Amino acid sequence: GQQLNQSPQSMFIQEGEDVSMNCTSSSIFNTWLWYKQDPGEGPVLLIALYKAGELTSNGRLTAQFGITRKDSFLNISASIPSDVGIYFCAGQKGGKLIFGQGTELSVKP
Amino acid sequence: GAVVSQHPSWVICKSGTSVKIECRSLDFQATTMFWYRQFPKQSLMLMATSNEGSKATYEQGVEKDKFLINHASLTLSTLTVTSAHPEDSSFYICSARNSSTNEKLFFGSGTQLSVL
Chain F
1 GQQLNQSPQS MFIQEGEDVS MNCTSSSIFN TWLWYKQDPG EGPVLLIALY
51 KAGELTSNGR LTAQFGITRK DSFLNISASI PSDVGIYFCA GQKGGKLIFG
101 QGTELSVKP
Chain W
1 GAVVSQHPSW VICKSGTSVK IECRSLDFQA TTMFWYRQFP KQSLMLMATS
51 NEGSKATYEQ GVEKDKFLIN HASLTLSTLT VTSAHPEDSS FYICSARNSS
101 TNEKLFFGSG TQLSVL
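These protein sequence lines are chains F and W, in that order.
Using the working numbering, you'd call the opening residue of the first sequence number 1 and step up by one each time.
Using the working numbering, you'd call the opening residue of the second sequence number 1 and step up by one each time.
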């Protein structure tokens, strides 16, 4: 079946540092999305990407949709403690979402 | 913004009993809702697509008789875990999309199921 490979699995960084994570897929998706999930909660949408090559920002977050529609990255600049959580990429096709394995981010004050 | 309400937030039940989880779209109509399962430290795995007024579509490997889905109205889908066993313990999450605008999916806050 379709799979999204997300890396890294976990990151431990110092407050103020920039963070980068990415996802790759063997399949083409129409839409790529990045979510953040806090413990015991459902995922919350951070950024949605609709066009190949699209670069979109949301505050300190920046994400890009790869030209081939098979990959995407998410950057977080100047991390703060509340950035802690698990970040998921997701590819959308036909209304369904396929999620990556997640990147667990820990931020040390 | 659009809100999806999921209830209960957590439930503990005895092995062999059935548990019903509700997913409601509070301010929009959703002809399609999705049910996911998430084990600790793992990704969300799509279980089934819930279609209003018709049968749900299950992903490969998901037992339809085990996980009963009912989407009787445009704002409510229910997932019933029948004859629950400890291995069914997991975090269940629903999502829904506004049928009128077909905009982004909104997720519920999840239900933590623990089967003793």
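Take the hints with a grain of salt, since some may be wrong.
The calculated BS3-like cross-link candidates involving lysine-lysine, where the alpha carbons are at most 30 angstroms apart (straight line), are [as the list claims (entries may be wrong)]:
1) W:Lys20 with F:Lys96
2) F:Lys108 with W:Lys41
3) W:Lys14 with F:Lys93
4) W:Lys20 with W:Lys104
5) W:Lys14 with F:Lys108
6) W:Lys64 with F:Lys93
7) W:Lys64 with F:Lys51
8) W:Lys20 with F:Lys70
9) W:Lys14 with W:Lys64
Read the hints as simulated data drawn from the structure, not as lab findings.
Quick caveat, the model's predicted, so the values are computed rather than measured.
Hints versus structure:
{"no.": "1", "hint": "W:Lys20 with F:Lys96", "in the structure": "holds (23 angstroms)"}
{"no.": "2", "hint": "F:Lys108 with W:Lys41", "in the structure": "holds (20 angstroms)"}
{"no.": "3", "hint": "W:Lys14 with F:Lys93", "in the structure": "violated (38 angstroms)"}
{"no.": "4", "hint": "W:Lys20 with W:Lys104", "in the structure": "holds (26 angstroms)"}
{"no.": "5", "hint": "W:Lys14 with F:Lys108", "in the structure": "violated (40 angstroms)"}
{"no.": "6", "hint": "W:Lys64 with F:Lys93", "in the structure": "holds (23 angstroms)"}
{"no.": "7", "hint": "W:Lys64 with F:Lys51", "in the structure": "violated (36 angstroms)"}
{"no.": "8", "hint": "W:Lys20 with F:Lys70", "in the structure": "violated (37 angstroms)"}
{"no.": "9", "hint": "W:Lys14 with W:Lys64", "in the structure": "holds (21 angstroms)"}
Consistency with the previously given hints fails for numbers 3, 5, 7 and 8, ordered from lowest to highest.
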